[in-house]
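S.K.: Quick mapping for you: the protein sequence lines, in order, are chains A and B. Those letters in the first sequence? Residues 1015 to 1276, by this note's numbering. Those letters in the second sequence? Residues 1015 to 1276, by this note's numbering.
Some clues are possibly wrong.
As the list makes no split between identical chains, a pair holds if one copy fits it or if it spans any two.
To be verified - Capping the alpha-carbon separation at 25 Å, the derived lysine-lysine pairs in DSS-like fashion look like this:
1. K1075 with K1156
2. K1076 with K1124
3. K1156 with K1175
4. K1175 with K1246
5. K1258 with K1124
6. K1156 with K1246
7. K1053 with K1175
8. K1201 with K1258
Since the hints were made in silico from the structure, they are not lab data.
The residues making up each chain are set out below.
There are 2 protein chains.
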Amino acid sequence: GWARAVRGLLLDVSGVLYDSGADGGVPIAGSAEAVRRIKASGLKLRLCTNETQATRENFVKKLQGMGFDVSVAEVTAPAPAACHILKERGLRPHLLVHDDLVPEFAEIDKTNPNCVVLGDAAENFTYANLNEAFRLLIGMEKPVLISLGRGRYYKETDGLKLDVGAYMKALEYACDVQAEVVGKPSKRFFESALAEMGVPPEQAIMIGDDIVNDVGGAQRCGMRALQVRTGKYRPSDENHPEVKPDAYVNNLAEAVDIILQQ
Amino acid sequence: GWARAVRGLLLDVSGVLYDSGADGGVPIAGSAEAVRRIKASGLKLRLCTNETQATRENFVKKLQGMGFDVSVAEVTAPAPAACHILKERGLRPHLLVHDDLVPEFAEIDKTNPNCVVLGDAAENFTYANLNEAFRLLIGMEKPVLISLGRGRYYKETDGLKLDVGAYMKALEYACDVQAEVVGKPSKRFFESALAEMGVPPEQAIMIGDDIVNDVGGAQRCGMRALQVRTGKYRPSDENHPEVKPDAYVNNLAEAVDIILQQ
């Protein structure tokens, strides 16, 4: 019964459409065809990603190069969501993010910072850069730390890497502040993806490989959520103490098969 | 009444004996004389420090150079305490510490690591080194993270720096483990300092500038504890929600004056 009355699909990207690999990534078998079938069916589609190592433009170019029929206008990502919050609240960020993400903040006033925006800065996570972000925060009358996601780690071809959440915790502890997380599993982030699709939560399904950030987050917004058995999925996820997906599917193609049969 | 029946004094070092400064540090007025008076009085003395950027040998040399009559045998510091634990439990550490601390671990087997020891590594806190420590930990069947202190930050002449506690939190979160803290405010650490002095807690007084790690930690071991108004002391410490020193003193010299009058 979980596939009934669906009008829109939110898809996680890494681990659902493609796997990170040596040359930037390889598509997961059947996923490009599944995206085409979603579009042909008239269902609304939204890519809902925590990607912060590239602008949406470059991210979408990479996906198109792998054969996915997707456009920038279909992507909900943390950096643009953060820009919205910064403008709304008159915040001027100091950025500790990946070099390739900086263009997303081109139109934001960054003079005399009154907050810190933290992304998966990768090689930019240096001792000097972390101390600089810390000093700015601790020097603020009311420190504001905005974190683009709260992931613990991720896998690249040369091994596991600490994700933004680890550095977020370091700054939270040092400054005795609580970061505001933009991106999954933030409720506001899912809600903006739904608003952009024009679909209410009870008519949307989230499909992702992350039991906590994709499945748990979407369910808390009133959506149904599936976990795919691709990407970072592990069999132990099926015994997660707090989150239970509406269904498991082997991959995106299988999910789309079932949904389109309704 | 707090100065009665004292047989031993535990002294924090940075902020009590000297202040960190441009050329490595400047003695706090009256502290060198106070140390000499403690020794002349027959009171037992122990330096109880969380210093992890130098071996005890080099740390003591620096203090002697500033006029303090102290010896290596009088210092209780995290690295030797960690070595004791490593030997006791057959742990082989991967070290993420300051270069100058490495010699303290000379006699410890570091092949095929089954734990990570984290100190204030300063410039060694690189993205690559943090990922390496993380990968080793997450790859262990039962990850063991030993942290030499849990400080949030400290001040150097060129500004505030993130301390070991911030990096400890990052690794704790990424690996979903709880670090074992060696050094103040660990109860075991204070107890070994007391044992080395041969003085029971009720006959000892801790004197420090850190309301939580010095004062709170020592009191939890049954010692009396004074906060000096030097070093990192801040007036707001006097309203600390959880810790109340047995007394405040302006500096070490004043504490010794009062104690020796008994």
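S.K.: Now tell me, hint by hint, if it's right for this structure.
M.R.: So, going through the hints one by one against the coordinates:
1. K1075 with K1156: Classified as neither: same-chain Cα gap 39 Å, cross-chain 42 Å, threshold 25 Å.
2. K1076 with K1124: Neither way: K1076 and K1124 sit 29 Å apart in one copy and 43 Å across, limit 25 Å.
3. K1156 with K1175: between (31 Å within a copy, 19 Å between copies)
4. K1175 with K1246: Only inside one copy: K1175 and K1246 sit 13 Å apart there, 35 Å across copies, limit 25 Å.
5. K1258 with K1124: Intra 41 Å, inter 42 Å, cutoff 25 Å: neither.
6. K1156 with K1246: between (37 Å within a copy, 21 Å between copies)
7. K1053 with K1175: neither (34 Å within a copy, 52 Å between copies)
8. K1201 with K1258: The answer is within: 18 Å in one copy meets 25 Å, while 41 Å across copies does not.
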